[in-house]
Amino acid sequence: MNILDNYIKNKKNIFFSENIDIQNHREKLINIFENDSFDKKNNESLKNINLKNFIDFKYKYLIPEETSVINNNQENSYSIVSVNGQCSSFKDDKIEITKILDEDYNDFSKNDTIENIDHFVNLNSLFLNSGFKIVIKKNNHIKIKISNIITDDDLTIFQKNNYICEEGSSLNLIEEYENKNNSTSNILNVIKLEKNSQLNHFLIQDNSHNHNLIITSHSSCKKDSIYNQKVYNFSEGYVRNFHYSELIEANSEANLEGIFFLKDNNTSNNKTFIRHLAEDCKSNQVYKGILNDRSKATYFSNTHVDQVAQKTEGYQLSKGILLSDNASYFSKPELKIYADDVKCSHGSTIGPIDENAIFYLRSRGMSKIAATKILISSFINEELNSIDSEQMSELIQKKLVRYLSKVK
Amino acid sequence: MNSDTLNTLDTYSKNKYKYGFVTEIDNEKPKKGLNEDTIKFISSKKNEPEWMLEWRLKAYSKWKKMKEPKWANLSFPEIDYQDIYYYSAPKGFEKKPKDLSEVDPKLIETYNKLGIPLEEQKVLAGVAVDVVFDSVSVATTYKGELEKLGIIFCSIGEAIQKHPDLIKKYLGSVIPPGDHAFSALNSAVFTDGSFVYIPEGVKCPMELSTYFRINAENTGQFERTLIIADKGSYVSYLEGCTAPKRDDNQLHAANVELIALEDAEIKYSTVQNWYPGDEDGKGGIYNFVTKRGLCAGKNSKISWTQVETGSAITWKYPSCILKGDNSIGEFYSVAITNNFQQADTGTKMTHIGKNTKSKIISKGISLGKSQNTYRGEVSFLKKADKARNYTQCDSLLVGNQCGAHTVPYIESKNNTAVIEHEASTSKINEDQLYYCRQRGLSHEEAVSLIVNGFCKQVLQELPMEFAVEAQKLVSISLEGSVG
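So the sequences go chain by chain: A and B. Using the numbering used here, count along the first sequence one by one with no gaps and you end on 1113. Using the numbering used here, count along the second sequence one by one with no gaps and you end on 540.
These aren't lab readings, by the way, just hints derived from the structure by calculation. Watch out, some of these pointers could steer you wrong.
[Claimed, not checked] Which bits of chain B does chain A cover? Going by a derived footprint, with three or more residues having C-beta under 8 angstroms, they are:
no.	region
1	326-336
2	462-470
3	500-509
[Unchecked claim] Once the Cα atoms are required to be at most 27 angstroms apart in a straight line, the calculated DSSO-like pairs of lysine-lysine come out as:
no.	chain 1	residue 1	chain 2	residue 2
4	A	LYS1024	B	LYS426
5	B	LYS124	A	LYS1024
6	B	LYS225	A	LYS1037
7	B	LYS416	A	LYS1024
8	B	LYS416	A	LYS1037
9	A	LYS1048	B	LYS416
10	B	LYS127	A	LYS752
11	B	LYS124	B	LYS288
12	A	LYS968	A	LYS987
13	A	LYS1001	A	LYS885
14	A	LYS1104	A	LYS1048
15	A	LYS1001	B	LYS355
16	B	LYS484	A	LYS928
17	B	LYS225	B	LYS426
18	B	LYS411	A	LYS1073
19	B	LYS484	B	LYS355
20	A	LYS1024	B	LYS440
21	B	LYS355	A	LYS1037
22	B	LYS513	B	LYS405
23	B	LYS440	A	LYS1001
24	A	LYS752	B	LYS380
25	A	LYS1037	B	LYS288
26	B	LYS225	B	LYS127
27	A	LYS752	B	LYS405
28	B	LYS443	A	LYS1037
These figures come from a predicted structure and were not determined experimentally. Glycine included, every Cβ here is placed at the ideal spot set by N, Cα and C.
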């Protein structure tokens, strides 16, 4: 079924379809889909992916029967189970969880900061059917864990979440995506960090073979705020991680990091984009990937430094290890710099596991597989060591061991 | 920095563009615009065989269906291809002069102004010069000595007449006419350029060199250069450019093809100093060049070195296709942009054969209001076992109104190949500047010294004659925008 049919047929179930303004915007988006030539060469969001599967889809959404659970088990610590992208409302003196409102639609959906046309973000705006908004109130320090659950097969979730960290607050956010059914989630996170706030955002992705996950995030940092994002992708299905950050006021910082483990025929597309729009800001983009069997990965990184953003420090690093003859990795680390007093660099490597290192281990009596496994673990050890929660560290170690058990 | 460079700095500090003069020679031109008649006119003027005309017309029909590539980080007004003269040859050149005395004295004067007197060069420098004045080769020197070794060094027009077999076999084999719009355009209307063939086992004893010069208003230059190095041979080729001052933008779309067979090596060096436009960004050359080398045989090597300081727009990606096993590709580049210049330059290394190696060193310096982009692609195809690439691209920013961009594309489909890429962008180190100032250098001298040091890795790859010239160029290019 094509986009227009899906849209007309399911209009009633889609959020904000009574709002004329939004309706007009959506009609424009449909036009884009109908007129675009889907030029893979010039649209990064299309590389290595068969867009047809995502455009000719069958729209299906169920409003969850069971409401989501919000537990305030420890002080300042909450756990949320979001079902089909929905979450019930909750309010106390520290946080507030609500549904998203009409005005939240405009954030980022209508924003032109994404270069070219990102068809997946447009799909999300078109078919928006779930999502929530979490506000961390001033000067509170909160931990939240969100488990994302999808109840049925063949669901198409188009979810938009807003996170707002008010002045002086901090949030430790762990999001888990572990789904075993044949569904597609298209999630757009819009994150706003007010003055002097901090968000440590962990995304653990471990979906089964049939599950497609498309995550796009857009964060904006005001004065003295810090956004740290870490993505751990163990999924056996397709995952797209596109993360954009804007440093809009002085002395803010954004770190977008990720590691991915691919095998079989799996594909993963990754992109990070940091825009320096104010002085004295720092950014880091680090992605590491292990590719086995016939897997494919892309990683686009981009640091944009505006003319006013003097004293910028922006670093990028991309590392890929190919374990098999048939794996392929594409990386495009881009720097766009319009200010002169900056320190920016990028490094990118792709290659096999170091043969000398293998030889060293083997000459000490280790089997080739054991040596390979040790070297893979050490390749990403830095990322794993930086996790301060013991519980999460254990969880990720377990997933790593599972991946390594399949390496031959 | 040597005193020589300092002197040059002084000389040029007040000068604008030194080579901005026009030689008045009656030009014989076809009508403006591009159509089949223009191509037939060019072909008949050059007395070409039928198959060449067909080849051109085929390229033209491809061009008609193509659009200019838009991905580069450049902005310029749309080029009106119908407002350009496609052929301009000084009158009376249908028949070639046999030696220099037959050449129009005005032309000789031009070269004297440029500081490359042919007579002198013939004796002193030991360089055979194939000079292109607008579109027709004026004089080819040192031919005799080269002929003894079996080396063919002539204009492409002559090669079409005399060596049709080689032309038929290799022309368009590395850059197919239909590759992109500019290569198709060049294939359809190319007028002159050089042809080099080095026979098996011959090491060319001298640097082959061509000076290109654009003269005559509104004439696009469409050179086509083809260099073939047969088994076990070696050649070093120099290309240097200056152009007279103009207000109208001039289009330049050259194609350069290199072919290195088994164990052969080609070294191609360019110093490009075309008119970059004035301080307000008016005028200047539009330089859309396609340069591509094919390492066809085992153990072959192609090395590109370029110093790009001129042109309003530079769109240039000298690339290597590493097809033969153990072949090597190298790319060394310095690109300096000032005022309103825009440069989008880099390279493309395609590893096909086993044990292929490539190395890319790129230095970009942006000043004034210019935009300088490095764009490079390194790809390892599936059979490129144990292939290796190392890329380093550094950018230097001087002033806060310019931009420096790095856009590398890196792809690996082989799990034994290793790619390393690093890039950095920064301004001139304050500590280094302070150190130099303390020792009595002026701010400008200090910057020039540091920039020259920054480029050294590339400049030292140039042949001797060029290295001196290039070093001066680097200093001159920094004029007026430092301090």
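For this session: Please work out if LYS1001/A and LYS885/A have their alpha carbons no farther apart than 27 angstroms.
Result: Roughly 22 angstroms between the alpha carbons, so the hint for LYS1001/A and LYS885/A holds.
Problem set entry | Check of the region 326-336 of chain B against chain A for coverage (Cβ-Cβ below 8 angstroms, three residues minimum) | violated (count 0)
For this session: Sort out whether LYS288/B lies within 27 angstroms of LYS1037/A, counting only the CA atoms.
Result: violated (37 angstroms)
Exercise. Is it true that the CA of LYS752/A sits at most 27 angstroms from the CA of LYS405/B?
Worked result: With a Cα-Cα distance of about 19 angstroms, the restraint between LYS752/A and LYS405/B holds, given a limit of 27 angstroms.
For this session: Below or equal to 27 angstroms on CA atoms is what counts here, so check LYS411/B against LYS1073/A.
Result: Status holds; Cα separation ~25 angstroms.
Exercise. Does the alpha-carbon distance linking LYS225/B and LYS127/B stay inside the 27 angstroms limit?
Worked result: Status violated; Cα separation ~31 angstroms.
Exercise. Can the region 500-509 of chain B be counted as covered by chain A under the rule of three residues or more with Cβ-Cβ separation shorter than 8 angstroms?
Worked result: Violated - the region 500-509 of chain B has 0 residues with a Cβ nearer than 8 angstroms to chain A, which falls short of three.
Exercise. Would the pair LYS1104/A and LYS1048/A pass a check requiring their Cα atoms to be no farther apart than 27 angstroms?
Worked result: Given that 27 angstroms is the threshold and the Cα spacing comes to 36 angstroms, the pair is violated.
Exercise. Within 27 angstroms, alpha carbon to alpha carbon, are LYS124/B and LYS288/B?
Worked result: The given pair, whose Cα atoms are some 38 angstroms apart, is violated under the 27 angstroms limit.
For this session: With a cut-off of 27 angstroms on the C-alpha distance, tell me whether LYS968/A and LYS987/A pass.
Result: Distance of about 34 angstroms is beyond 27 angstroms: violated.
Exercise. Regarding the pair LYS443/B and LYS1037/A, is the alpha-carbon distance no greater than 27 angstroms?
Worked result: Satisfied, since the Cα-Cα distance of roughly 22 angstroms is no more than 27 angstroms.
For this session: Verify the proposed pairing of LYS1001/A with LYS355/B, using a straight-line Cα cut of 27 angstroms.
Result: The given pair, whose Cα atoms are some 31 angstroms apart, is violated under the 27 angstroms limit.
Hints 1, 3, 4, 5, 6, 11, 12, 14, 15, 17, 19, 21, 25 and 26 from the earlier list are contradicted by this structure; the remaining hints agree with it.
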